[in-house]
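Chemist: This is what each chain is made of:
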Amino acid sequence: MSDTEKTPIVEVVGVSKRFPGVFALNQVNFAVYPGEVVALIGENGAGKSTLMKILGGLHRQDEGEIRIDGKPAEIRNVSDSLHLGISLIHQELNNLDNLDVGGNIFLGREPLIGGFLRLIDRRKIAEDSRAYLKKVGLELSPTTPLSSLSIAQQQLVEIAKALSVNARVIIMDEPTSCLTLTETNRLLKLIQELKSSGVSVVYISHRLMEVQACADRVVGLRDGRNSGSLEKAEISHDSMVRLMVGRNLDLKKSVTRNGDRETRIELRDIVSPFFPSHKISFDVRKGEILGLAGLVGAGRSELAMTMFGIVKPLSGEISINNQPVNIRSPRDAIQNGIYLVPEDRRKTGLITSMTVRENVTLPDLWNYATYGLVSYKRELLSAENQRQKLSIKTASTNTLAKNLSGGNQQKVVLAKWLSLQPKLIIFDEPTRGVDVGSKAEIYRLMRGLSDAGVFILMISSDMEEVLGVSDRIAVMREGMLTGIIEADDFSEETVMKLAVAPVKTAVQLAS
Amino acid sequence: MVAIFLGLFFGYALLELIQRGPADTFANPVFLGQANLLDLTRSIGLFGIFSVAMGVVIITGGIDLSIGSQFALLGVILAYLLVNYNWPWPLAVLTVLLISMMLGCFHGLLITRAKLQPFVVTLCGLLGYRGLARFISHDQTVGFSGDTTYELLRTLATGSVFNVPAPFIVFVVVCIIMGLVLHGSVYGRYLFAIGRNEEAAVYSGINTKLVITSAYIVCGFLTGISAILLGFYTNSISPASHGSFFELYAVAACVLGGCSLRGGEGSVLGIFIGTAMIQLLRNIVNLQGIDSSLEFVVMGGVILIAVVFDQILAARRRARESRLDIKAAPAEPVAAK
Chain C
1 MSDTEKTPIV EVVGVSKRFP GVFALNQVNF AVYPGEVVAL IGENGAGKST LMKILGGLHR
61 QDEGEIRIDG KPAEIRNVSD SLHLGISLIH QELNNLDNLD VGGNIFLGRE PLIGGFLRLI
121 DRRKIAEDSR AYLKKVGLEL SPTTPLSSLS IAQQQLVEIA KALSVNARVI IMDEPTSCLT
181 LTETNRLLKL IQELKSSGVS VVYISHRLME VQACADRVVG LRDGRNSGSL EKAEISHDSM
241 VRLMVGRNLD LKKSVTRNGD RETRIELRDI VSPFFPSHKI SFDVRKGEIL GLAGLVGAGR
301 SELAMTMFGI VKPLSGEISI NNQPVNIRSP RDAIQNGIYL VPEDRRKTGL ITSMTVRENV
361 TLPDLWNYAT YGLVSYKREL LSAENQRQKL SIKTASTNTL AKNLSGGNQQ KVVLAKWLSL
421 QPKLIIFDEP TRGVDVGSKA EIYRLMRGLS DAGVFILMIS SDMEEVLGVS DRIAVMREGM
481 LTGIIEADDF SEETVMKLAV APVKTAVQLA S
Chain U
1 MVAIFLGLFF GYALLELIQR GPADTFANPV FLGQANLLDL TRSIGLFGIF SVAMGVVIIT
61 GGIDLSIGSQ FALLGVILAY LLVNYNWPWP LAVLTVLLIS MMLGCFHGLL ITRAKLQPFV
121 VTLCGLLGYR GLARFISHDQ TVGFSGDTTY ELLRTLATGS VFNVPAPFIV FVVVCIIMGL
181 VLHGSVYGRY LFAIGRNEEA AVYSGINTKL VITSAYIVCG FLTGISAILL GFYTNSISPA
241 SHGSFFELYA VAACVLGGCS LRGGEGSVLG IFIGTAMIQL LRNIVNLQGI DSSLEFVVMG
301 GVILIAVVFD QILAARRRAR ESRLDIKAAP AEPVAAK
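Residue numbers (this note's numbering), protein chains in the order written: chain C, 1 to 511; chain U, 1 to 337.
Worth flagging that the hints you see were computed from the coordinates, not collected in a lab. Some hints could be false.
[To be verified] Cross-link-like lysine-lysine pairs, in silico, DSSO-like; alpha carbons within 30 Å at most: (1) K402(C) to K115(U); (2) K6(C) to K53(C); (3) K209(U) to K312(C); (4) K115(U) to K347(C); (5) K209(U) to K423(C); (6) K124(C) to K135(C); (7) K135(C) to K209(U); (8) K189(C) to K115(U); (9) K232(C) to K6(C).
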């Protein structure tokens with residue numbers, strides 16, 4: 001930016017994008033200069049992924065302009081974006097794991113032989129792939145099936161693919177969320193190599209240490225708007241946090257509740273079928289919110305699914321106030337007052353093609369029925385009641401759930417359980433994809449429930465949320481519980497230290 | 001759909017009027033004649049009951065392709081029990097219903113426990129049950145003798161009450177009961193919930209395996225009733241052809257009636273109208289003297305047109321609804337400081 005003579009490869013000017021219910025992007029500016037690594041930071045839902053999806057041709061902006069090499073350009077679809085030299089590597093990898101490595105690299109532009117027969121030239125794929133694989137430091141045969149690769153290796157294949165289309169800008173959306181520390185280090189090194197070969201990288205990450213280690217410039221987004229940028233010299237942990245948070249979410253608790261050690265839900269030696277070699281024991285105390293932190297894939301949702309009876313535990317015991325409960329199915333869990341607000345509300349939390357009313361009454365529909373026939377009046381009464389209590393914004397309780405915004409959908413999921421008698425509510429990523437206003441409301445609701453004596457377990461990958469909302473934090477890694485942090489020791493570092501493999505701390509990486 | 005049905009009905013009545021002239025038509029109506037109308041309603045009744053059976057499993061996202069073959073198998077069994085073994089008819093009917101429910105339960109368990117696809121499971125049934133029917137009967141046509149002990153069953157299939165064919169009355173009763181079950185009961189809500197999103201239904205504490213299995217049992221029960229009525233209606237059962245392709249009439253009736261083969265959509269009223277439309281079409285094709293080999297061409301074509309038309313209407317309705325929703329709940333701008 002300091003170098004004003006340079007034209008940016010990609011420039012985004014005043015771009016806005018609306019989704020039903022939220023402004024995902026509001027007049028955002030963003031530029032990538034040749035041969036630099038720009039980090040894009042911001043909280044979940046700040047608009048980072050949306051902005052990158054616009055550049056990658058997956059969304060179209062409602063207003064604003066995209067310039068490539070200073071000239072206005074249209075990105076209508078993915079192939080436009082590729083032709084303009086932009087390669088997007090998704091958060092969830094988009095590889096086809098039924099193909100081999102070479103097949104993935106050349107997917108959609110396979111070299112052909114045999115004239116009109118249009119056969120795929122496998123030999124050429126193998127030869128060409130090998131060169132790109134070498135560039136990203138992957139010592140593999142191009143005919144290796146992709147399904148046999150680790151996530152880190154699959155990611156490198158994606159980068160190789162980007163190189164093979166002569167990408168000038170490679171966008172990496174949360175590339176390290178599933179990587180081990182060694183793999184992360186290797187990726188960061190590769191980014192430096194890409195940079196010195198003239199390829200620009202847009203690096204999206206929540207991991208501020210990584211950003212510090214690799215970025216030349218940092219651009220912040222907050223609630224869909226630009227929140228400022230930092231030059232290389234200004235980049236520090238604190239300055240980045242200011243850029244991301246800025247506003248006060250009122251998360252800082254006035255008092256940390258200590259929780260009643262006597263009344264508690266206790267997990268003893270729970271072994272979930274996902275991680276059969278690890279036993280998990282901890283307790284949730286009355287009046288506290290227990291945070292469950294860890295990286296993606298640490299086994300937190302799997303633990304929640306085990307507690308809720310979606311899968312049966314291999315061994316171990318759950319007891320509520322020293323009364324052991326036997327949970328073999330979600331039905332058992334619900335009967336025992338254990339409820340789950342799942343991570344993916346569109347897939348598992350709600351039936352989006354049913355109305356708000358039908359969703360709210362589904363778990364205890366028998367209570368609304370006489371002789372097996374549902375009373376519409378009683379249903380409506382209960383749904384309206386919940387709608388008011390949780391201030392769910394919807395035209396009517398007979399609106400289909402899919403027409404509600406993310407935050408309001410989440411409240412409907414909650415409403416399902418609140419009309420029953422909850423003992424324990426497990427929140428799995430309660431504010432993912434939820435706008436700021438609803439976020440604060442959901443936190444207030446959780447606190448209110450906790451104060452009313454409901455046990456609360458909150459799984460979250462949002463560091464600020466974990467630190468701000470929890471009274472104690474349990475941390476998991478690769479299926480095991482690595483520690484429980486008391487309120488006095490709360491910090492991003494203590495959580496991270498427990499969440500990543502203890503070989504090397506991430507801070508050493510910066511040096 | 002109702003409009004299309006009425007259009008077809010009166011359209012054809014009008015056509016007859018024009019073709020044959022008013023004097024002739026009124027003196028001796030064919031389409032609107034009593035015999036033809038009785039015939040039409042009777043076949044609506046006979047075909048409607050198992051179309052509702054099909055609807056129940058289609059709503060859960062499944063299908064039952066074995067219905068037609070079950071007719072052959074159950075018909076043969078019924079005839080053997082009544083004629084060869086001289087069982088009292090209540091016992092024979094009970095046995096047939098029990099067998100059909102067991103077959104449904106068998107399908108349900110294979111689908112929910114062994115996690116096989118409904119299409120595959122019931123396709124095997126389609127092949128297997130017909131084969132079994134032919135084996136049991138040594139591939140010979142079996143019939144019901146003139147024995148009067150089971151006159152009641154015969155009346156249910158071929159008789160009339162106040163000039164309304166008995167099968168149609170049975171069908172209306174089935175519709176009322178199943179309408180209440182599907183659209184008013186807890187069980188019905190569960191069926192729709194499972195059809196729309198089975199995983200979310202599990203997360204809401206619904207025992208989806210039990211509910212799906214029971215849907216196939218209900219389907220089996222209604223299939224059993226249809227099998228008895230159809231058996232007495234035709235009075236003789238040739239195991240190689242009895243009821244063959246009937247499951248496809250049922251699927252067509254469901255689809256015409258607004259069921260989605262993806263599950264979670266459909267209504268008893270829709271299936272009623274769907275069945276009525278298909279039978280009306282068959283009736284018209286017959287009366288027009290169209291070559292019977294062309295019957296399926298006409299029906300296929302009309303069903304396709306109706307479904308495409310319905311899709312277009314549904315898309316428009318959805319577009320209008322989503323516009324209304326945006327107006328009703330305006331997005332709160334995040335701009336608030």
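Chemist: Against which earlier hints does the structure fall short, listed by number upward?
Modeler: Numbers 7 and 8 - these are the hints that the structure violates, sorted from lowest upward.
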